[in-house]
Structure formats: structure tokens, C-alpha cells
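Given chain H, work out where chain X should sit, using these hints.
Number of protein chains: 2
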Amino acid sequence: MDFLQANLIYLIPVLGLVGIIVMIVKSAWVVRQDAGEEGMQSLAGHIAEGAMAFLRAEWKVLSYFVIIAAILLAWSGTLVETSSWVIAISFIIGAVISAFAGYIGMNIATKANVRTTQAARSSLVKALRVSFTGGTVMGLGVAGLAVLGMGTLFIIFYQMFVVSTGGNVNGLEMEKALEVLAGFSLGAESIALFARVGGGIYTKAADVGADLVGKVEAGIPEDDVRNPATIADNVGDNVGDVAGMGADLFGSYVATILATMVLGREIISDDNFGGIAPILLPILIAGLGLIFSIAGASLVRIKNDQGDVQQALNLGNWSSIVFTAIASYFVVGWLLPDQLHLRGVSFTSLDVFFSIVIGLIVGALMSIVTEYYTAMGKRPVTSIVKQSSTGHATNIIGGLSVGMESTAVPTIILAGGIITSYAFAGLYGVAIAAAGMMATTAMQLAIDAFGPIADNAGGIAEMSGLPKEVRERTDKLDAVGNTTAATGKGFAIASAALTALALFAAFVGIAGIDSIDLYKAPVLGALFIGAMIPFIFSSLAIAAVGRAAMAMVEEVRRQFREIPGIMEYKAKPEYDKCVAISTKASIREMIAPGAIALVVPILVGFGFKGVFEDTSSAEILGGLLAGVTVSGVLLGMFQNNAGGAWDNAKKSFEAGVEINGKMEYKGSDAHKASVTGDTVGDPFKDTSGPSMNILIKLMSIVSLVIAPHISVGGGSLDAIADTETAIEKVMPNVEQEKAYSLAQKHQ
Amino acid sequence: MDFLQANLIYLIPVLGLVGIIVMIVKSAWVVRQDAGEEGMQSLAGHIAEGAMAFLRAEWKVLSYFVIIAAILLAWSGTLVETSSWVIAISFIIGAVISAFAGYIGMNIATKANVRTTQAARSSLVKALRVSFTGGTVMGLGVAGLAVLGMGTLFIIFYQMFVVSTGGNVNGLEMEKALEVLAGFSLGAESIALFARVGGGIYTKAADVGADLVGKVEAGIPEDDVRNPATIADNVGDNVGDVAGMGADLFGSYVATILATMVLGREIISDDNFGGIAPILLPILIAGLGLIFSIAGASLVRIKNDQGDVQQALNLGNWSSIVFTAIASYFVVGWLLPDQLHLRGVSFTSLDVFFSIVIGLIVGALMSIVTEYYTAMGKRPVTSIVKQSSTGHATNIIGGLSVGMESTAVPTIILAGGIITSYAFAGLYGVAIAAAGMMATTAMQLAIDAFGPIADNAGGIAEMSGLPKEVRERTDKLDAVGNTTAATGKGFAIASAALTALALFAAFVGIAGIDSIDLYKAPVLGALFIGAMIPFIFSSLAIAAVGRAAMAMVEEVRRQFREIPGIMEYKAKPEYDKCVAISTKASIREMIAPGAIALVVPILVGFGFKGVFEDTSSAEILGGLLAGVTVSGVLLGMFQNNAGGAWDNAKKSFEAGVEINGKMEYKGSDAHKASVTGDTVGDPFKDTSGPSMNILIKLMSIVSLVIAPHISVGGGSLDAIADTETAIEKVMPNVEQEKAYSLAQKHQ
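Protein sequences, first through last, are from chains H and X.
First residue of the first sequence? That's 1 in the UniProt record's numbering, and the numbers climb one at a time after it.
First residue of the second sequence? That's 1 in the UniProt record's numbering, and the numbers climb one at a time after it.
For chains that are exact copies, the list does not tell them apart, and a pair is met inside one copy or across any two.
In silico DSS-like pairs for lysine-lysine, Cα to Cα no more than 30 angstroms straight-line: (1) Lys672 / Lys468; (2) Lys666 / Lys651; (3) Lys468 / Lys126; (4) Lys577 / Lys386; (5) Lys662 / Lys672; (6) Lys386 / Lys666; (7) Lys386 / Lys584; (8) Lys672 / Lys651; (9) Lys666 / Lys378; (10) Lys672 / Lys386; (11) Lys584 / Lys570; (12) Lys386 / Lys651; (13) Lys570 / Lys468; (14) Lys386 / Lys662; (15) Lys662 / Lys378; (16) Lys303 / Lys468; (17) Lys666 / Lys468; (18) Lys577 / Lys60; (19) Lys572 / Lys468.
Don't read these hints as lab results, they were simulated from the structure.
Here chain H stands alone, though its shape is the one from the complex (with noise of 0.2 angstroms):
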């Protein structure tokens, strides 16, 4: 015990380490599989190409993003004492991890789905089997990494800035090396934004312009290897549901982390693992519940054909969640101080850990609300189902309640959350709640990119002409991942809601501010400016799918001219061609909500800096960051909703509904409205909805790295002088002397 305890941090990357080394044994018994006959094999291989060809894209482009973003952070990082040019190294291996991982999940993605095919073709059981384990390889490979390199970079950072300088564990040289690794969170979330946003876009035209041209104007099925634009829209499928899905992950479960570890500084505990405990616990609890995820994926197994899908991924999710939980109470037990003291708050080490539950239940209780909301046969979706008869604008304006209305239980157990998580354990208990509903992260992917496996299996099924039997084998399994689809939004806006106050609370800290008060009416204003974003940002990226889709029609309506052929098989589609235009639109159009993301939080940090006496510039981006959450959380849930009713009141009509006692089906007037709400709702739930994630995400993530430019405190004298303040004001009983000459030794 003495040996791990000063060892512990060294244990972390090791952690890290047997997700990724788990992750290669799956990977490679995935690869082992059969991939069935060659037309399967070359269907398959298109969409691979495809996707690596949108990647090959995107890397182009973002590597000068990454390369002017870390020369501007590395000039930035000189001109304050509290950061320095290494943000700029840890900002680039954030980024090139997080491209890393979206890499892993696209590669196993592509090889899985044709696999899928192949093992349906024999029974259930092994379909189930390589598709989850496709999935389980994303979830270990975005959980594996992220662990292994924060936990890395984190050993690092903490010899650099505070062992070798002799600093104080709570202090600005701890402060210093945490916001280093802040480039790191910054770097993963930058790639997450083109790998979402652009993905939601590229997904949505593709799969437009595939459709207009093909089936409408062309006259060809969908899915036809004759249509240039097919395999961009099975690329998109990946490109959206699997990569767009872990990137957003990936930087929730870093950010998480990387915040709940800076509000750990500032808490005041005993010597116990070199005074850092509090600031090692969320990375591993990250670590634990990687370990216990690769556990619950295990018993993810059905026992012959009739065995219930679902019922399998709720044992393996419920499993990881009650094991992280229980391992949770003992960690935390073990690591923390009976007694913790946080700017005026004080909680016990048991209140930890109940924010801690709290956090998975919030996860949990999130993806059942938004499985009510957007599952066939439920309330919501009946209504829309019973208005599509009355025609499209009843349809449509039955969705947008139907979405509006789906807000309502959501926000209520957030802010319960928020509320009783900060009532056991202050703002560290917010951030440790959003940590301990991140720690299954592996497991909620590997769930979540299952059902796209299945999917394309489903396709590549169909195309390939096998028998029906297989079909209605992986249509079981896509069943189930149209549910997981759903709850993964669900989990996925309250990762990002969490992660945002996390991040949202660790940048009050840095910057020097002990309020936020919206009694000032600069951050007041700012709290509207705030809240408007999400809405322009939804307005831009639904309008330019709009303008992606007509880009690809173009090109598909080119190579149909001028590549003779194409429609007697004579001639291949030069499918890649599709794939760069479509990703280059999604990229062009993603610069401009990109840009706000981007530069809203600095235009207000550095241009209201000493504009008003009473009111810090932090603190109006505090208002900023707060108005940008609040919208974007429940603008993101309306739309996701709204869509994913939608789309799930469409499909009702496959099956046949029943409406004021009439049967209707595939082809009636009823459906025809439906279909417009599903249209409506593409752009919503693949595209706007979505990327609010990353919206709130990466303006608390960027306004947490300028936190020391625009911080209030001054110098490190000033800062120092602060520490002391604060520990007065907090610590009015407690150990105030033990305290002090703590602060004085690391002085």
C-alpha cells in the first residue's frame, strides 16, 4: 500500500496502458474475422477508402489550423508568468491524439461492418459479438488514449513546473502546470469541432445530394454502386455516428478531467499522496472506470438467436456503472482527507463520493428520458404520428412541441444535479459528478458505435443480395442501435452540459474572479450575447448542409455527364471525388461557427479588459460562457429530440400505424408528412443538435487557457497574497495556522 500510494501517479498511464493494449487484442480478433466474398470485401472497401479520404482531407486542413493556433498560443504563453510555450506542444498532442483516436474508431468501424455481414450470415449470437466488439474497440481506443495522455503529460508537467522548481502543490506552479495541460483539452476539442460539426454537415449532404440526384433525377435505387455520391453517404454515416460521436467524447472526457483536477488545486486537504490527492482523483476514477468498462463489455453476450439484444448492452452498461461506483467509495476513501475545505465550502470525503453517484445517475436517468422522447410507440412520437394526418404543417409543428417539450424533465434532473452535487461537495462536486458520469465513457461508446456498425451491415446485406434471414438479423441489431443513437445524444448533452460548469467553474478559479454577478449589467448583456450564440451557430450550420447538398449534386451531376459508363457498370464513379467535395464543403462551411466558437471568447476576454471599474472582463465572459451553456444544453436537446422523433414517426408508417382507426402506410398522404418532418429533422439531430456539444464545450475550454491573460489577480505576487485571503476566509476554524505555514513552506 505504501508503495502505490507513492507511486499512484505512475499508476494512471498504466491504467491507460491495458485499455489500449485491450483495445489491440479486439481490434486484431475483429481483423481475424471473416469478411465473406469479395463483392462484400469491395463494397466494404469503398466505404473504408471514403473514409479515409475524408480524413486524409480533414488532416490537410487542420494541420494548419493546429500548426497557426500553437504558434500564436506559444507567443501568447511567453507574455504571462503563470503560462508558458509548453501549451503549444500539449495543444498539438491533444489535437493529434484526438485525430489518433477518431482514426482508430473510423479504421475498426469500416472493417467491423463487413464482418458484421459475414457472422449474420451464421447466427445472431456472432453478429452481435464483432459488431460490439467493433464498437468496444472505440470506446477503449478514445478512453485508452485519453487516460494514457493526460496521465502522461500529466507526470510531466508536474516534474517540469512543480517537483523541479521546489512549488507549492496547490499553488500557481501547480496552477501553471494544469493550464498547460488545459492546450491539451483545447487541442482534443478543436479537432472534435470539424470532426462533428463537419461530420454532421458532410453526413447530411452527402446524404441529400446522394438522394436527389441518384433516385430523383438518375432514377437508380438508393444505396447503388452506380451512384457517385453512395459511398459518401455511407462514409457519412461513419463520419457522423462513429467519429463525430467519440471526438465529442473524447474531448468531454478530457475536458472533465482536466477541470475537475483544477478546482482540486485550490482545495485545502492533508499531505497524503504529496498534497495532490484531490487533484489525482477524477484521472482515476477515469482509469477505473476504463478497467470496468472493458469488464461490462464482457458480458455483453447473448445466448443463442432469441436472446434479447438490449438486454445484453443494459447488463454490460449497468454492470460498469454499479462496479466504477462501488470501486469509487473505496478510492475515494482511501485517497482523500476525512475533511476538505474549497473557497469557503467544506465536505468529507463521503460527500465526494455521493456527487460522484450523483453524476452516473444524472447519465443514466438522461438517456431514459430522451429514449421516451424519440421511441416508436411512446407518447411523443404517437402525437406526431396522429398530426402527420392533418398534413405537413401539422406534422411540423407537432415535432417542434414534441421538441420544446422534451427539454422540460431533462433540465429538471440537470439542475438537480448541479444543485445536490453542490450541496454535498461545493463546485468540486459539480466537477467530480460530471467525472464520475465520464468514467464509463468507453462502455457509453462502445454502445454507442455499435449501432452504426450494425447498420452498414445492414447495407452492405442488401446490396450484396444475401439471403433474408441475415438481413432480419442485423435489422435486430440496428433496432437496438436506433435506441442506443438516441440515448447516446441524450448522455452525450449531458456530458457536455457537466463538462461545460466543470470547465465554467475551473476558469472563475484561474481567473483570479469570485463572482459572477449577474447584477452587473455588462454581464448581464453578456449573458444575452451568450445566449444568442447556440441560435446563430444552429442558424449557420442548418443552412449549410443546405448549401452542402447543392455542392454535390453539382459534382454528381458532372460525372454523370462527363464520365461515360457510369450507368452500364462499365465505368467506376470516381467516388473519392465525391468524398473531397463533400468534405471540403463541410470544412469551407464550417469556418464561419467555427469561428465564433473560436473567437467570441477572446474578442470579450481581451476587448471589455478594464472597460468597466466594477466589472472584470472575466466576469463578463463568465455571463458569456453562462448564457452559451444554458441555450446551447437546451437548444441541443430540442433539436435532437425534435429529430429523433421525427425520424422515429416516419418510420412508424413502415410498419403501419393506426389513425382515428384507419391503417396507414408506407406511401399515404399521412406519410408523405411524415417525411418532411423527417427531412426537417435531419439538419436538427445529425447536424445543429449535435454540435451544441462542442459549441459550449470549446468556449469554456478556450476562455479557460486566455483565463490567465485576462486574469484579475495580477502578477504572482498579488496571487499569492490572494492564497492567503482566501485562507483566512475559508478556513475561519479549521487548522488556520497548519495552513499557513503549509502556504509559507512552498513560498
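Coordinates of chain X only, in the frame set by chain H:
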């Protein structure tokens, strides 16, 4: 001048009285105009009868509500020292006057419509004069009653609570007087809730119900007298556009003045005007704005039938704004001392004047931007027209995108207004900016109400089969009316936003808290809950329109079935039953959203009392209000502008539009898609969008009324001690001694 100074307080109700006398004169003039032939009079009679039926039914329900609420207020008022049973009487008076103002507007609108039709038979000059005078009656009625009512009550309460007790004009006694006056505002806003939201549900329910059964099932044309719901439909236009808007602005007008008075109480100034100059200023400016609105209204004339109606309205509007601004300059200089101090902020009387100007500018800019986003021929509407050519879904996506985009510039204007007026004169500056903006409410309402009068006049001309040139003349007025309806909504939401902020600031003062710190998790949680409420409120309102329309359909079907001879013009349909059904349905559907607005602040204010050690329930409620306001303003603009843009995109097809080089007219597929957008936009722009105004104001005013009950300051002795501390804080350099002696003198 000395006499004026001594009796200034009595001048204010006199100004209100002047407005009312002018209103009576103008009203008598309108009634004296020729109402045309018997057929026209009969149609107008049905509409007037329906409007009264609506008011009777509404008043019946409201009287229960007012009595119950008054009893609760009286009971709770006696519980705390700072309030009293007088607040209940004040509440009843506010409710009755608000209802009476609605009656005046409705009454004159239903008289002016047919007289405008008749006037249009001779000339446009006369038609404009009749319709605009009708609008002026409404405007003067609302503003005159508000100034008279508030002015008189303030004199009474000032005598009762301050003068007769020898109390402190800046102390608790004045707080009590203003708190009781808040009852007046609560009464006004409660009636506005039913008028605006109920009216919004009513008008759309009647509209959709009349169309579905009349046009679709019975095959009779729109506005056919055989349709039992036709009168309800025409009444609905008056209910929503005249009475709803009037009640909304009446509420804003009263609440803004009140909030500024409350903030003015806390200002430390000299002894001029009995020390209450900052309290008197907002109501005096309102009175002056009323007088200059009369002057401006007299300028609204065209010389001949080729005259530009919009230009005439603009001349009147801008004249009243400029006159009011100039007058404010002199009034502020005369009334206020050179230096004022409010909670740590010092400012000059000139700063106060600049804040007023900012309010006037914000109001004007908001109207201009709103017009841009909803006007035919401008980029936003044209983009929706183009997107209609590819179907229903792209029309909807286009409208949603335009609506979201339309929030950007107005939010920046609003935030800019808040921040600059605060920079000039602190929170008093923000409130007085709102008061400045609202000063010309009489003129704004005259312009607003003129539109639906002209609209109805055109309908009567059409139904009576009058010559083509009559309709052409009313159409000219109606076209201008469409523009003023859109700009009126922009003004209404801006005024609601500033009013809510002024109330918010007043609430903080009375609740005895000195900050609303977003860095406390309960406040942040409340911000989330608050921001969610406009979503659930909108969802309920939109869904209510659907249900109420269905109830109307049932009633029309019943009349066709049970009353023989309707179709042969042998039996008169029971118009009032339709009106009653629609009224009852709309009021029933109002209960859930109305209850949210009234009950949530009470639940939060009392429910969280004493729950958190470091966060008072007043602070949590403050966070809730900020969330409601921000989210409500954004959702309101989004819905209003999307609805307005969809409406005009549809109207563009009537004249024919060019899409991709091809002319498209009414009846084309693109036009059908635009009708879908218009139908979706109907509840957006006429029900849920405008109700956001009421929601945010009502929740703020409820909070203000309960503020003394949840105050953290405790009894009056604490408050006086606080005042002394406050004086020390805010006046480190300036005449501290004088302020001390002032405070002691009044104790």
C-alpha cells in the same frame, strides 16, 4: 416654477387625464363618422358583438382569478411588515384598469373598421384619418389610463405610507408605498397574460377552425357569413392584434415605470422635490411622452391619395420620439441634482438623459431590424421563397434558419443598450432607458392598432361587394399595417426585455441581496430551469392551438348539423356560441402555461428559503428570472420573426415571384410549400412568440411582489443598518456626512 416644484406630484395624473380627454374627443369623432349601408353595419355589428362576447366570457373567468389572487395577496400582505392589505386593492385596480383599457381598444377597433371602409369609398386621405384615429384612441386610452392610474395611486400611497408616518422618502416607508404599487402592475400584467396568450390561442383556433370546416368541408368561401366561425375569426384578429398587443404594452408601460421608481428610491440625491425626484422622473417622462404622442399623432396625414402612408406614420413616430427626447433633456436637468449615487455607482443628471436616449434608440433599431427579417423583397424572406421551390421541408428549414439568425443583431442591440445605459447611470440607467423607450407607447400603439383596423376594413369592403377602388385603398393601408405589425412585435419584445431587466433590478433591491452569483451552483441550476420555462411554455401554447382548433371544428360541425337553413341563408348561425367555445377553450388552455408563470417564482422563492447556507432563495430566484428573460427574449424573437418571414414568403407568391428564372404564382407547388410554412408560423408569431413577452414580465413582477416575503434583510432595523453600511460603501469621497445626517433625520 416654485409652484410647479411643490405640486409636481399632482401634475402627473393631470397629464394622464389630458390623454384621456383627447382620447374621448377622438373617439367621439370616430363614432360620428358615417358607418355606411346597413349590410356593412350588420357585418361590423356581428364582429363587435363577438368581441364583446369574448370580453364578457374572459371577464367572468378573470373575476374569479382576481378575487382569489386578491385574497391571497391581502392575507400574505399582512404577514410582513413591508407590505399590507392595500396591495390587494392596488392589484384589483390594476386588473380592472387593464381590462378597461382592453375594452376601449376593442370597442373603438370594432367601430373604426366599418367607418374606415366607408371613408375609403371617398378617399385614401380620409380612410387613413379614420383608421389611424381609431388606433390613436387605443394608444391614448392605454397610456392615459396607465399614467392617470399610477400617478393617482402613487400620490395616495405616498401620503398613506410616507408622509402620514413621517417616514423616510428613501427608506422602508417609501419601499412599502412602491411595493403596494407593484400590486397595480401585477394586476395589469395578470390580465395581459389572459389577453395576450388567451387571445393568441383564440385567434389561431378560430382561424384554423373556420378554414377547416368552412372552406374544406362545407365548400363555402373564406369570410362567408354562413360560417358560424367566421365572426370568431374576424373577432380573433381584433383580440390578438389589438387587445393582446394593447394589454401587453400596458403591462410593460406600467411595470417599467414601477421598476424605475423602485430603483429611484435607493438613489441618494439632494432634498429637492421632497427628495423623490429620481422616483418621479420615470412617470413624469411617461406623461410627457403621452403629450408628445398626441402631438406626433396630429402629424400623421397625407395630402392626397398619392401620399405615402408609411412616411406619414414615420413622421408622426419620429416627431414624438424626438420631442420626447428634447423634453427629457430639460426635465432631467430641472428635476435631478447634478450628482446622484446608487449602490456604489455615481452619475450625473446628464448621464441619466443619455440613458433615456439610448432607450429611444434601442426601440427604434429593434423595429428596423425586425422589419428587415420579415419584409417582402429583403434577403431573409426571399431565401425562404427560393427554398419553397424544393418542397415543404426546405421551406421549413429555411424559415427556422432565418428565425434563428434573426436573433443575432437584435440581441447585440439589446445587450449594447443594457451595457451602455448601465455605463452611464448604473441600474437606474438601464431602467430609465426602458422608461424612455416606453415613453411614446401611445404613439407605438396607435401605429400598431391602425393595421388590424385597416385589415378588417378591407374584409368588410370585400364581403359587402364594394367597388374595386375601395378595396385598393384599404389594401394600401393594410400593406403598411403588415409592416407595422412586424415592427410592433420587435418593439414589444424589446420593451418586455428591458422591462423584465428593470423589474429584475428592482427585485434584487427589495429582496435585500447584493448580487446574483452564477458561480454558486443553485443559481446556475435555477438559470437552467428558468431558461427551460419558455420552451415548455411555447410547447404548451403551440399544442393548445391545435386542441382549441379541434374544439372549434366540433362546434361548427354541430351547428351545420343541428340548425337547418344555415346554408340557404334562412337561419342565422349562432356566432356567439362559436365565440364562447373559442374563448372558453382558449382560457382553459391558458391555465397550464399561466400557472407556470405565476407559480414557479413562488415555489422557488419560498421552496429554497434557508435551504442553502451561502445562497438565499432570493438569489436563486434571481438566477431563475435571468434564465427566463434571456431564453424568453430569444425564443420570442425566433418565433415572431420566423412566423413573420414565413407569412410574407407565402404572400410573395400572390404577386408572383421569380425562382431560378421561372415565375411562380399562387397554386404552384412552391406556393403550397410556402402555405405549410405559413401555417407552422401562425402559432409561432401569434401565440407562443408574443406570449414570451408576458411570461418574462409576469414572472418578474410576481417575484417583485413576493420579494419582501423572501427578503434576506429581515426586519426594518436590519434594513436601516444596511442602509448605513451601504452609504459608507457608496460614498467614500462624496458628502458622506450629509448623507448620514439625511439618513438619520428620516429615522
